[in-house]
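2 protein chains.
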Amino acid sequence: MIVELISVGTEILLGNIVNTNAAYLAEQCAGLGLSCYYQSVVGDNVVRLRAALCTALERSDIVILSGGLGPTTDDLTKETTADVLKMSLVMDPHSLERVESYFQKMGTQMTENNKKQALVPQGAIVIDNDNGTAPGLILEKNGKRVILLPGPPNELRPMFEERIRPYLAKLDGGTLYTRTVKICGMGESKAASMIQDLIDRQTNPTVAPYAKPGEVHLRVTARCADEREGEKMVKPLVKELKTRFGMHIYTTDPKVTLERAVVELLLANHLTVSTVESCTGGLLAARLINVPGVSEVFKSGYVTYSNKAKRRVLGVKKGTLHKNGAVSAQVAEEMAAKAALVTKSDVTVSVTGLAGPDGGTPEKPVGLVYIGCCVCKKTTVKEYRFNGGREKIRESAVSAALTLMRQCILEYYSEVTFRK
Amino acid sequence: MIVELISVGTEILLGNIVNTNAAYLAEQCAGLGLSCYYQSVVGDNVVRLRAALCTALERSDIVILSGGLGPTTDDLTKETTADVLKMSLVMDPHSLERVESYFQKMGTQMTENNKKQALVPQGAIVIDNDNGTAPGLILEKNGKRVILLPGPPNELRPMFEERIRPYLAKLDGGTLYTRTVKICGMGESKAASMIQDLIDRQTNPTVAPYAKPGEVHLRVTARCADEREGEKMVKPLVKELKTRFGMHIYTTDPKVTLERAVVELLLANHLTVSTVESCTGGLLAARLINVPGVSEVFKSGYVTYSNKAKRRVLGVKKGTLHKNGAVSAQVAEEMAAKAALVTKSDVTVSVTGLAGPDGGTPEKPVGLVYIGCCVCKKTTVKEYRFNGGREKIRESAVSAALTLMRQCILEYYSEVTFRK
Numbered sequence: 070m071i072v073e074l075i076s077v078g079t080e081i082l083l084g085n086i087v088n089t090n091a092a093y094l095a096e097q098c099a100g101l102g103l104s105c106y107y108q109s110v111v112g113d114n115v116v117r118l119r120a121a122l123c124t125a126l127e128r129s130d131i132v133i134l135s136g137g138l139g140p141t142t143d144d145l146t147k148e149t150t151a152d153v154l155k156m157s158l159v160m161d162p163h164s165l166e167r168v169e170s171y172f173q174k175m176g177t178q179m180t181e182n183n184k185k186q187a188l189v190p191q192g193a194i195v196i197d198n199d200n201g202t203a204p205g206l207i208l209e210k211n212g213k214r215v216i217l218l219p220g221p222p223n224e225l226r227p228m229f230e231e232r233i234r235p236y237l238a239k240l241d242g243g244t245l246y247t248r249t250v251k252i253c254g255m256g257e258s259k260a261a262s263m264i265q266d267l268i269d270r271q272t273n274p275t276v277a278p279y280a281k282p283g284e285v286h287l288r289v290t291a292r293c294a295d296e297r298e299g300e301k302m303v304k305p306l307v308k309e310l311k312t313r314f315g316m317h318i319y320t321t322d323p324k325v326t327l328e329r330a331v332v333e334l335l336l337a338n339h340l341t342v343s344t345v346e347s348c349t350g351g352l353l354a355a356r357l358i359n360v361p362g363v364s365e366v367f368k369s370g371y372v373t374y375s376n377k378a379k380r381r382v383l384g385v386k387k388g389t390l391h392k393n394g395a396v397s398a399q400v401a402e403e404m405a406a407k408a409a410l411v412t413k414s415d416v417t418v419s420v421t422g423l424a425g426p427d428g429g430t431p432e433k434p435v436g437l438v439y440i441g442c443c444v445c446k447k448t449t450v451k452e453y454r455f456n457g458g459r460e461k462i463r464e465s466a467v468s469a470a471l472t473l474m475r476q477c478i479l480e481y482y483s484e485v486t487f488r489k
Numbered sequence: 070m071i072v073e074l075i076s077v078g079t080e081i082l083l084g085n086i087v088n089t090n091a092a093y094l095a096e097q098c099a100g101l102g103l104s105c106y107y108q109s110v111v112g113d114n115v116v117r118l119r120a121a122l123c124t125a126l127e128r129s130d131i132v133i134l135s136g137g138l139g140p141t142t143d144d145l146t147k148e149t150t151a152d153v154l155k156m157s158l159v160m161d162p163h164s165l166e167r168v169e170s171y172f173q174k175m176g177t178q179m180t181e182n183n184k185k186q187a188l189v190p191q192g193a194i195v196i197d198n199d200n201g202t203a204p205g206l207i208l209e210k211n212g213k214r215v216i217l218l219p220g221p222p223n224e225l226r227p228m229f230e231e232r233i234r235p236y237l238a239k240l241d242g243g244t245l246y247t248r249t250v251k252i253c254g255m256g257e258s259k260a261a262s263m264i265q266d267l268i269d270r271q272t273n274p275t276v277a278p279y280a281k282p283g284e285v286h287l288r289v290t291a292r293c294a295d296e297r298e299g300e301k302m303v304k305p306l307v308k309e310l311k312t313r314f315g316m317h318i319y320t321t322d323p324k325v326t327l328e329r330a331v332v333e334l335l336l337a338n339h340l341t342v343s344t345v346e347s348c349t350g351g352l353l354a355a356r357l358i359n360v361p362g363v364s365e366v367f368k369s370g371y372v373t374y375s376n377k378a379k380r381r382v383l384g385v386k387k388g389t390l391h392k393n394g395a396v397s398a399q400v401a402e403e404m405a406a407k408a409a410l411v412t413k414s415d416v417t418v419s420v421t422g423l424a425g426p427d428g429g430t431p432e433k434p435v436g437l438v439y440i441g442c443c444v445c446k447k448t449t450v451k452e453y454r455f456n457g458g459r460e461k462i463r464e465s466a467v468s469a470a471l472t473l474m475r476q477c478i479l480e481y482y483s484e485v486t487f488r489k
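Residue numbers (this note's numbering), protein chains in the order written: chain A, 70 to 489; chain B, 70 to 489.
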């Protein structure tokens, strides 16, 4: 089946935002085995949106539109689509109630224009929006399928994941069964080269590497009759990947993120954790705290950005800072070790580095980061050189810190077990 | 003049890469006053590329294609375009020399297929590529202009900047002038309803609201002869927006983010700041630390997620926690006030809330957040009820905290001035 993506929004046409929705949807559709030959972008304009939709309906089986479902007069996607498909708009009481309760929960007055979001084309499958007000819609007419999704990625993605993906997977008779093998501490090209022989001779199931910040996901996909058959089909390939990547694999569960894998490792071993951050400025703590249930293991987080804070809060020695500079292996080590004393935590992680844009020198360039990890009094420090701008460097440092934590904890326990 | 963008590449259709070129080119074209009504993406496929190009040439004056200029058999953009425009390909000796010397410089053997990159449509304006091998091309035929650019952003951007931009700027005389009025502490629908009358009767300049997480941006755009005229044209409308939105406006400078506005306010008033976070887990500190130069004002950040950490690190009273619960106005107030004592900072901000997914009760539902801000010993606490998942709630809380900090600092100084 052929799918086509239309992104609606003048802000994309003007280049004010990057069209990450298209990349997300394209990747998802490819994963579902749908062929995508065209993507297009149109502004909030009835005539041109109409033209784009008509063209798409001529050449594709499924058209996914994103954006333009909001409350303002600019938002025209639903109205235009209903008009093209000759479906009339009716008020959906369930959606209206959800929009109203959204505002009630926020404690703000709902303006009249918000009611428009509860209008749906008659006969549409309405998809509740758990992260915003505009519901998603699936329209089936004349053998074609049109799917309307809200523009904000934090609304579009969960909606696709939970409702649209299963809907699309069922269309082709068969289904797709996917297992994702998630890898940390290794770059994409290295990982890809390690499975090139598998890729070259693959038919069904297939394996494909996807680069994520600080990680690589190997997606194993089988086209199959049902989930049970799929599970059976992917099993030998997943086993082969486990042999090849060993300790680098932190999960094969799609819901488990790297931070969750780390938190689960802490929980399983009854270890408490604290963080001390300089250049990442709280991002590492924030990622750990994004894991529900982390409160059982997370003791405290410190953001010690200045030298003064490193000394006052943690007791890092003036001499260590003076002799080696704040961005050094010695300071990373002392930050982690002192934090263990101050917080009485089993595991402490420290990050100090140059995120830029200024402050780099030939010896200590922007992107140089030291990460320290102290597990039950044993401290490991690693040096990293990251590329990219300030945000990318900080994001890479957070992933590296999680990877190092995982590695240090595993090594500690393998040694303990070995000694026994 | 109307411009249209076609991005060529199967990797974009598959969602393997995000189409940042389109955003870049769209923004550049908008800045040049060119109207862009359509963007599209096609794979490395002659038939579909041909169709997309023919459609674009029918409805636009200028078509910019990016990607598919490389040496492999997959790269078909130049061949297909020459065919559509009925121009024959000839070997360009200058380009061939550049390709050859590129390989010489790299110290690698040039494979035969690389010669293909020096083939150009007869009569084309050839644009040297200083960062790669495939030259860019400008083709003028039958009153239409087709511009071909290489796909890698580090080749495309400098080429556009140095050669294409000046070429396009000369075509049309006019330009677009844009000012963005950034607002915090107010939702999109409220902001939109406050300017509906302006939107309804607008011609030139125009104003349009854009929702950003925790903010609304009002973009004022004038179509004008030059920057100077544009500035004059938007001035009355920007002034009107300032009257309507008052203190809610935190900047009219496109480069200033909310966190930067807050940091600048701290710098201007020689105020130091520290953060104490529970549910946001370090995200607030991380956003502040994303502002270069923050080290002058940022003292330290604490992530006190558990009750124990709130007591041990900050000295929040056991009784306060016990009586009101960790998610309460009283605890937010005490966190901010105690942090001011512990860190000796002029401004402290505390965040405590329920980010979910679990732990909500009818009285204290998921999304309930209290934010405290202490400015020179005066503490303000506000209650918020955010929607969405864990990540969205935390992101909303961070924006609200920045907004509250700004408000409290401004109020403090307006009172100080008033008392004088």
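Hints in this document: simulated from the structure, not taken from any laboratory. Check before you lean on any hint, since a few could be wrong.
Copies of the same chain look alike in the list, so a pair counts if it works inside one copy or between any two.
Said to hold, decoys possible - Restricting the straight-line Cα-Cα distance to at most 20 Å, the calculated cross-link-like pairs of lysine to any residue (SDA-like) are:
#1 Lys184 - Asp427
#2 Lys185 - Lys413
#3 Lys311 - Gln271
#4 Lys155 - Asn223
#5 Lys461 - Glu296
#6 Lys184 - Ser468
#7 Lys451 - Ala280
#8 Lys447 - Arg167
#9 Lys174 - Val307
#10 Lys392 - Tyr236
#11 Lys185 - Glu333
#12 Lys281 - Gly100
#13 Lys304 - Val411
#14 Lys281 - Tyr453
#15 Lys259 - Ala120
#16 Lys281 - Thr89
#17 Lys311 - Glu300
#18 Lys308 - Pro434
#19 Lys387 - Arg167
#20 Lys377 - Leu126
Exercise for the section: Just pull the numbers of the violated hints for me, sorted ascending. Expected result: 1, 2, 4, 5, 6, 7, 8, 9, 10, 11, 13, 15, 18, 19 and 20
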